[in-house]
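Undergrad: These protein sequence lines map, in sequence, to chains B and W. Residue numbers are given in numbering that gives the first Met the number 0: position 294 of the first sequence equals residue 293, and the series is strictly consecutive. Residue numbers are given in numbering that gives the first Met the number 0: position 193 of the second sequence equals residue 192, and the series is strictly consecutive.
Certain hints may be false.
[To be verified] No more than 25 Å apart at the CA atoms, straight line, and that leaves these computed lysine-lysine pairs for PhoX-like:
(1) B:K350 <-> W:K83
(2) W:K174 <-> B:K350
(3) W:K205 <-> B:K350
(4) B:K350 <-> W:K47
(5) W:K109 <-> W:K47
These are computed hints drawn from the structure, not numbers from a lab.
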Amino acid sequence: MIWPDNAALSVLVLSLITMFVLYAARAPMHGLLRSASHALGGSMRLGARWLFGVAEEMKARNKAVLLAQGRRETGQRIEREFERLGLLVTRDLQGYPTLQRKLLEEITRVEEDYKKCGEVPPPPPDWVDAVTAVAKIKTGGGEVVQKILVDIRQSLESIHDKALAEYRRAYQMRHSILEGFMPYWRSLDKTMKQVDKSMAGMQDAATAVDAQMATYKKIAAKSDEAESTLTNSAFTQFAIAGLVMAVALGGAFVNFKLIALPMSEMVGASDYITASLRTSEVAALVIILVEASMGLFVMESLRITHLFPRIANLNDRMRRRMVWISLGLLLTLAGIESALALMRDMLIADKQALLQSLAATPAAASEGWLSRIPTAGQMVLGFILPFALAFVAVPLESFIHSARTVGGALLVNLVRALAFALRIVGNIARQAGRVLVHAYDVLIVLPLLLEQLVHSLRSGGPAPEARPVDATEKILRPY
Amino acid sequence: MRMRTLVASAAIAGVALAAAGCADSRSHAQAVYMLVDNSGTYAREAGKAELVVNYLLGTLRPGDSFAVARVENRSFTEKDIVAKAMFDTRPSQANAQKRAFRDKTDAYLKTVQGTAHTDITGGLIQGAEFLNETGAGKKTIIIFSDMQEDLDKVTIRNFPIRLDNIRVIAVNVTKLNTDNIDPRRYLGRLEAWQKRVTAAGAAEWKVINDIERLDGIFADS
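So here's chain W without its partners, still in its complex pose (with noise of 0.2 Å):
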């Protein structure tokens, strides 16, 4: 009888240590970190920032990280960050937490100012930076702008940056007055983009210009 409560209590250690062993240590959560243009004409795109956030705030699930920032001036400050969340674990709180979130941005995205110039790689550093604090398995950068960057004299941005294992997403590229002259303009800004955030080490590079083409991004995650 000794022997089989030997054998049994073996067999659950065993049991427990294949779980404890099986127990997956990478992290599941995602963190999303959503850059906004505030400079000149853009500034009336807010209402469709609104629409990309509360999409968002749909999608992301307990545990996950998000962040909205705004591009102005100079953005490699924290004090550009609207709002940001780390959402509770437990789904009740991370309700909560999105109905905060969401008045938060409301109220930002109503009251939006257009700046003199457009810092978004200064937005990519802190972007950065916010996402790798999380620690989360799955991080995006999401640039609301028309990734035209307009810095002032005093600003440095052309360094190189590191944007390792971060997908990039920007939404809502809008064409200025000069790209409807001459496409090359939009295509090559684009196209500059997408070299340098690729060669930070980015994961992915990703224009989508239809907000509702966002589903297939994030539906899957």
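Isolated chain B, as found in the complex (with noise of 0.2 Å):
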């Protein structure tokens, strides 16, 4: 305090000291406050470019990884689609001069029967051209004429009798050889509809070849179309592959208590690996892991899945080997953990009798087979539930692969975020800057108001244009 009696003065004073002090270093403060928010400013511009650029160039690696799998697997998936063609034209077209042959046999016979069937029947004799004029005979009355024609008649009668029986035995004979037309009909039809079903069926396969030939047209193309494709498709995986191994992870976690009360019957329920983990808790940890890798070597091996080219790259004999290693091994540890599965409905049902012993009351009543229910259960589930998680290879690599696809996306617009964030904290600092050199100027007003008048005074005019705002920017150029 300058005057301790008078605080309001001191104050006063001390603040119109500290005004023109500011006011004399007003040009260096403004530079300084410029300077500051500028290199803060830039530099975040600068870093938000260079994430930019990151996220560009990630970018482009990822399409390009994301290509290059979907080049492959849509390779695969038209190598499979060709096998699949392949295998339809051996196996019905292998076959077909065969079926033409007899095609052609069939209709040939067809043929010839239908011909014998267009044979007309044998005509009547030449006579009945005599039998005719001898009816336009007038008989006069006469007794002779009348006997010689009532035997004519009788003559004719007999002898279209004949031919009448004869004309009828043809018509038979040809129904009869219609009547045998019928088998080769159906034996036409049933050749003819093979042949269309075979034809169909390579007609879709083609069908099938042509889609993922587009496809791989598009991959091959580079095109934003099989790119966002891609993506999409990965990112459904990525999700449906999660569901299931959540879904997996449930089993492991039923799997995990059956057998996590016994395993301390193996290696003692007193040992601790941390504070709250038990050594019988990680075995049993440890045995449902070795049989989810075991289950991964069994569809390695069967070339289900191709997380291990090593594997994928063995020849058949070792592969089989290896197949039936692993299924050996996971039918053991099945084995093992149905019977831990046993175990632990005794150890529960010894820990119970001892409790109830202990506390005096009497033993509930068993219930027979009913009761044994639960153990079975417990058992056909501990046998059950590995070969179940051996399936887990199948969406765990599917989880892996597009998970490289999602994670590189999520990446990619994490990194653009921050970028926009630190352009957005970037120009919030140079704007910081400006607003706290008016402040600064707000502070040191009334030095700033006696410069105005001063100058309206030597030059006798109207009150010069206000000083720029900024002391500095006459000296300092923005970059």
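Using the hints, put the two chains back together into the complex; each one sits in its own frame.
TA: Structure representation (structure tokens):
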């Protein structure tokens, strides 16, 4: 305090002094604020630009990886379709010459039979004209003539009956030939249907190959559409695989619960790995993980999954051996787990019996075979779950493959968001510098007004334009 | 390929070492030493003592230790231990041991005979010795008594004792006739024991008269 008795005056004088000191330091202070804000904002903008560049690079790399992966997968799919097509051709068209010969034979036979059917019955004999002529003869009432005509009529009737019988026989023969057609027609129909089916199957396979080829072409052309399709497919795969793996984790948890207690019978219940994690629990977990690994090896050896190229590249003999070894181990582990599940039930029952005896309460009456259902259920579960877990390898592979794409896409977005945030903060820093310059001038408003007044008095005219807000504007150039 | 194998081997070795390093070497087992007062009229409370023993048998886990000892004229002797067991780490074996333990203590508690004097301090020293030998991580002495020490003229117990890291729980501390006349005697008795036990380095001192409240003490252990 300058004047301890008069605090207000002291503060006023000190404020004035400070104001004038600040006025004197106006230019360098403006420069400092401006430089600081520029330095901060500039570096942030630089950082943001670099991050945007990194994001673009990552996106390009992701695209390259995604397209390569898509090309490989589509190629494999096309290969499989061609294999199917090859099988179809081998299976159906291999017998096509035989089929064609059979068809031709049947058609020839049918034609021959048809020709036979077309044969007309034998024509009536030539003497029919003679009979007609005789019929025109006038009897004239003579008995001899009348007798002759009666004889002729009788002869004609007998001949007519004969001819009619022959005619009927001929038609019966043609009908029997026509009846003989039926099996050939049926056989023809069947053969034609078979040919039709084979052709339809081949057409379907060819359509599938065409579709895959179209996708392959798009991928090979590195089109955005292909990239978008592959990314969406990867996200879907990721979600589905994640869901299935979550379900599998639930199964693994049930599995863990089944064997954690009985494992304490093997490795002891009082050893701890950490403060709350028992050795028996870790042992149970290890068994489950070993089961999952064996399942993975089975799937790899069967070439259902392709996580380990070394296994996929093994020769067939070695691969078959590996399948049997992994399957054998898996079977053994499943058996052990089933036994452990039984032991768990026995241990719980024993503990229950002990607690009941300690509590001096009568033991609950046994429910006979009903009480054995949970035990049997646990044993079956213990045996089945390891095999069920083996199939986790399939979603695991999808998860790992799609995670690269999903993770890459998310990382790109994260980097972009970071770059955007840096750019915003940089802009805020630059604007803050300007705000601080204005705030500084507000603090020294009195000297600035005085300066303005002096200028106006010197020039004798109206007050000049206000001084530039930024005293360093003339000195410092924005970069 | 060799490099990859080398890296994989190094990773596996690292994980194994990390697992070994993470192994918790502290003992998670607990040991309980239960003193059952045989003196005078308190011998009638043996039925309740049986409940406490059974409760503890139901609560203790494989690997834990448990001993039941009587408090009589002079209790600083192994001969006063009625039953003791370090339960096997295998649950099935531990259950069998618990059954045998219960049979032993049942037989004893049914034939309890009152003694003329009560040497709680001697029992505490004996209990501390037993508990320290077990090497358990959590050690507890349960005193099933009215906490009225009554020594003969020859027995010397007025010296500092050590109960480091042992929690002492007095259970079923019944009131004597004189306590009913002047409750300050009862409260003073408990306070004196608390001071003595705390001075001996005990981790905790607790009085539980309702046996069902033992749940809270051992449930988390």
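Undergrad: Which of the listed hints are not met by the structure?
TA: 2 and 3
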